[in-house]
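A.B. asks: For the protein sequence lines, the chains are A and B, in the order given.
Counting from 1, one number per residue, gives the positions in the first sequence under our numbering.
Counting from 324, one number per residue, gives the positions in the second sequence under our numbering.
Check the hints yourself; a few may be wrong.
Said to hold, decoys possible - Pair by pair, the computed Cβ-Cβ distance ranges are: (1) A:V89 x B:R358: 57 to 67 Å; (2) B:T420 x A:E40: 30 to 40 Å; (3) B:L429 x A:E22: 42 to 52 Å; (4) A:A257 x B:A382: 43 to 53 Å; (5) A:G46 x B:A382: 20 to 30 Å; (6) A:S71 x B:L429: 47 to 57 Å; (7) B:E416 x A:D57: 50 to 60 Å; (8) A:E22 x B:P346: 20 to 30 Å; (9) B:T355 x A:V89: 13 to 23 Å; (10) B:R396 x A:D37: 15 to 25 Å; (11) B:A405 x A:R81: 38 to 48 Å; (12) B:E381 x A:A257: 22 to 32 Å; (13) B:A405 x A:E40: 32 to 42 Å; (14) B:L429 x A:R76: 29 to 39 Å.
As the list claims (entries may be wrong) - Just a sample of chain A residues kept apart from chain B, beta carbon distances all over 10 Å, derived: (15) A31; (16) A44; (17) Q51; (18) S55; (19) R56; (20) D166.
Claimed, not checked - Which stretches of chain B does chain A cover? Using the computed rule of at least three CB atoms under 8 Å from a CB of chain A, they are: (21) 360-372; (22) 393-401; (23) 420-429.
Hints listed in this document are in silico derivations from the structure and should not be mistaken for laboratory results.
We put the beta carbon where it would ideally sit given N, CA and C, even for glycine.
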Amino acid sequence: MSVLSRLRNVFRPAPLNCEIDEELQSHIDEAIEQGRDPEEARRAFGSLLKQREESRDFHLIPWLDSLRADSVFGWRQLMKRKITSAAAVLSLALAIGACTSAFRLIDALLLRPLPVANPEQLYIASRHGIGPDGMPNEYDGFARPSFELMRAAAGDRAELIAISYDARTDVTYSSDDKMEKAHFVYVSGSMFSSFGLQPALGRLLNAEDDRKPGTHPYAVISYDYWAQRFGKDPGVIGRKIRVGESLFEIVGVGPEAFTGTEPGTVTAIFVPTMMHPGALRDDWAWMRVFVRVRPGVAVEPLRVALDASARSLEERAPKPSWV
Amino acid sequence: MPKPDSLQGSLDLLVLKILSRRPKLHGYAIMTAIRDFSGDALRAEEGSLYPALHRMEEAGWIQAEWIVKDNGRRARAYELSAAGRKQLAVEQERWATVTSAVNRLLRTV
Numbered sequence: 001m002s003v004l005s006r007l008r009n010v011f012r013p014a015p016l017n018c019e020i021d022e023e024l025q026s027h028i029d030e031a032i033e034q035g036r037d038p039e040e041a042r043r044a045f046g047s048l049l050k051q052r053e054e055s056r057d058f059h060l061i062p063w064l065d066s067l068r069a070d071s072v073f074g075w076r077q078l079m080k081r082k083i084t085s086a087a088a089v090l091s092l093a094l095a096i097g098a099c100t101s102a103f104r105l106i107d108a109l110l111l112r113p114l115p116v117a118n119p120e121q122l123y124i125a126s127r128h129g130i131g132p133d134g135m136p137n138e139y140d141g142f143a144r145p146s147f148e149l150m151r152a153a154a155g156d157r158a159e160l161i162a163i164s165y166d167a168r169t170d171v172t173y174s175s176d177d178k179m180e181k182a183h184f185v186y187v188s189g190s191m192f193s194s195f196g197l198q199p200a201l202g203r204l205l206n207a208e209d210d211r212k213p214g215t216h217p218y219a220v221i222s223y224d225y226w227a228q229r230f231g232k233d234p235g236v237i238g239r240k241i242r243v244g245e246s247l248f249e250i251v252g253v254g255p256e257a258f259t260g261t262e263p264g265t266v267t268a269i270f271v272p273t274m275m276h277p278g279a280l281r282d283d284w285a286w287m288r289v290f291v292r293v294r295p296g297v298a299v300e301p302l303r304v305a306l307d308a309s310a311r312s313l314e315e316r317a318p319k320p321s322w323v
Numbered sequence: 324m325p326k327p328d329s330l331q332g333s334l335d336l337l338v339l340k341i342l343s344r345r346p347k348l349h350g351y352a353i354m355t356a357i358r359d360f361s362g363d364a365l366r367a368e369e370g371s372l373y374p375a376l377h378r379m380e381e382a383g384w385i386q387a388e389w390i391v392k393d394n395g396r397r398a399r400a401y402e403l404s405a406a407g408r409k410q411l412a413v414e415q416e417r418w419a420t421v422t423s424a425v426n427r428l429l430r431t432v
């Protein structure tokens, strides 16, 4: 008998059962006709049900049949106690959901590397010193002039990238006056190219956009923001964003995988650091500095050089501010 | 008291042999044939005969079909297949080996 007919027998057992029962019954009838005691003839078979079970196993796939029977039984038990079952299913669903979201968070925060080229070459700069309260302090904020000094000190040993702290900022679009919130960061012009990112639409910011203060009011929006706020409308290029007193023009959309460098948030708008109101102030630390060390360069001498350059500025400055 | 199943592993052989001589027998007829031809010495119990029939059917040694007997009753009749014929030869061979081995042991010990 083929596998197919075995499968059919598992899921449509009635014909098979009838056939076996009929065969056994006709045997008993004949035995009685031949003068055997009816009781004794029936007893000779033992339990008819057991007999049938034994015979039918040859005609189907026993493990699959048990599985089917167990499923049917389980389903009936569930249906018998609907409320208890619903509570159990619900709590399982909640628990699974909670675990999944917890893992998603851990995945986003800890496990997923920044979707940039050669993430292993990337470092973040921070200073260890004495804070305004006299306590040892670690601080990763830099003023833009210190960033320039550090960039000069690093020379061609490393590429420095400045990215401001992510801020949820009020923005308006010229077409509608409604105020809305968006995650907004200032980035140094070379960020996109040093991360090896390609635009999904239009162009990304470049070093030229970030040379002189206030001259390049251009913005790149992230792919997620483009999809959520603009429904992936290609006409988004050229639209104006007002942020406080400044007006930016959208020039491009970032790649899909890149959601910014801040773990746990999706950055919406990237603009050049030179558009920051404190771009030239050396007492206003508002950016983080990422260091992409070139292959083959020792990290320690580079660290010393960067440290010296950042300190020299602070010593010159009248009043270093720990924002 | 029915006699205990005295066939001990030779039931397949007996059934195949009977079906090879008399095709289209149903279960009851096979049972009576075993009893009658063995001079009432061997008896196949219903509890082992039918599972054996169904097992051999599944293995493809015998084929079954429903027939209507003279008295108008439906019965499931069995017939030997080509594979069954081969199996009969194997079983006969095995039986001969076992009995001759047993006989030799009885003679020599």
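A.B. asks: If a hint holds in the structure, say so; if it doesn't, say that too.
C.D. replies: Consistency of the hints with the structure:
Our hint of 57 to 67 Å for V89 (chain A) and R358 (chain B) holds, since their Cβ atoms are close to 59 Å apart. A C-beta distance of roughly 38 Å is found between T420 (chain B) and E40 (chain A), which places it inside the suggested range of 30 to 40 Å. Restraint check, L429 (chain B) to E22 (chain A): a C-beta distance of roughly 46 Å satisfies the suggested window 42 to 52 Å. A C-beta distance of roughly 59 Å is found between A257 (chain A) and A382 (chain B), which places it outside the suggested range of 43 to 53 Å.
One distance hint, 20 to 30 Å for the beta-carbon pair G46 (chain A) and A382 (chain B), holds here, with the actual separation near 24 Å. Distance hint for S71 (chain A) and L429 (chain B): a CB-CB separation of about 55 Å, consistent with the stated range 47 to 57 Å. Taking the beta carbon of each, E416 (chain B) and D57 (chain A) are about 28 Å apart, not inside 50 to 60 Å as hinted. Checked against the hint of 20 to 30 Å, the pair E22 (chain A) and P346 (chain B) passes, with Cβ atoms roughly 21 Å apart.
Checking the proposed 13 to 23 Å range against T355 (chain B) and V89 (chain A) shows it is violated: the Cβ atoms sit about 58 Å from each other. R396 (chain B) and D37 (chain A) have their C-beta atoms about 20 Å apart, which keeps the hinted 15 to 25 Å range intact. Between A405 (chain B) and R81 (chain A), the C-beta spacing of about 55 Å breaks the proposed range 38 to 48 Å. In this structure the hint that E381 (chain B) and A257 (chain A) lie 22 to 32 Å apart at CB is violated, the actual value being about 57 Å.
For A405 (chain B) paired with E40 (chain A), a C-beta distance near 39 Å keeps the hint of 32 to 42 Å intact. Checked against the given bound of 29 to 39 Å, the beta carbons of L429 (chain B) and R76 (chain A), roughly 59 Å apart, lie outside it. Non-interface status of A31 (chain A) relative to chain B is broken: a Cβ of that chain comes within 10 Å, the nearest being about 7 Å off. The claim that A44 (chain A) is not at the interface with chain B is violated, since a C-beta of that chain comes within 10 Å of its own (minimum 5 Å).
Against chain B, the non-interface label of Q51 (chain A) is violated: not every CB pair exceeds 10 Å, the least being about 6 Å. With a cut of 10 Å on Cβ distances, S55 (chain A) falls inside the contact zone with chain B, its closest approach being about 4 Å. At roughly 8 Å, the least C-beta separation between R56 (chain A) and chain B is not larger than 10 Å, which violates its mark as non-interface. Interface exclusion of D166 (chain A) from chain B stands, the closest Cβ pair being 70 Å apart, more than 10 Å.
Given as covered by chain A, the region 360-372 of chain B passes the check, having 3 residues with a CB less than 8 Å from a CB of that chain where 3 are the minimum. Under the rule that three or more residues need a Cβ within less than 8 Å of chain A, the assignment of the region 393-401 of chain B holds, with 4 such residues. Restraint check on the region 420-429 of chain B versus chain A: 0 residues with Cβ-Cβ distances below 8 Å, three needed, restraint violated.
Violated hints, listed in ascending order, are 4, 7, 9, 11, 12, 14, 15, 16, 17, 18, 19, 23; each of the other numbered hints is respected by the structure.
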